[in-house]
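Chemist: Sequence:
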Amino acid sequence: MTEGRAPRQESLFDYLGPQLEKKAAVPPPAPPTPEKARDLSHTWVVAAEVEVTPRIAGIADFRGSFKAAAGQRVEALEVYCRGCRRPYDEVKGDDCAEKIDNRHLIGGDQSTRAKRKIVAPPPGARIIPGGTIQRRGIGAYVAGVSRQR
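For the sequence shown, counting from 1, position 112 maps to 96 in the numbering used here; every step adds exactly one.
If you are wondering where the hints come from, they were derived from the structure by calculation, not from laboratory data.
There could be a bad hint or two in this list.
Each computed DSBU-like pair below joins lysine-lysine, with the alpha-carbon atoms no more than 35 Å apart [to be verified]:
(1) Lys83 <-> Lys20
(2) Lys51 <-> Lys76
(3) Lys99 <-> Lys76
(4) Lys51 <-> Lys83
(5) Lys83 <-> Lys99
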């Protein structure tokens, strides 16, 4: 019996014997798998205009969707990419900017953007600093910052 071990722990895996030693051997590393090429294609969607009955309009308003009749003609208002939100005409041969980098959605590179203008107070006005407002934690909840009145 090994010192410092409970008697039950010692005999727990004795029945495995040499099998336990075989499983402990480390298998050779798998060869590196080649990475798949990323799909940078656009996901095209169509903003459409569909004429419906008042009953279907109520269903569409409530559910956010409806079933159109078979063979119904749909007027396409605009065709654009779901990811980068750019029109089909502008980017039809290019890769989707959303799948490459999302900077186009935040207005480009933040370091080169113009800073916000600080509005100058009117002449003769005096700025009085106010107190700090607790916006997080139980103090904010009790003070009513995070809940509607």
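Chemist: Return the numbers of the hints above that this structure violates; sort them in rising order.
Modeler: No hint contradicted; all consistent.
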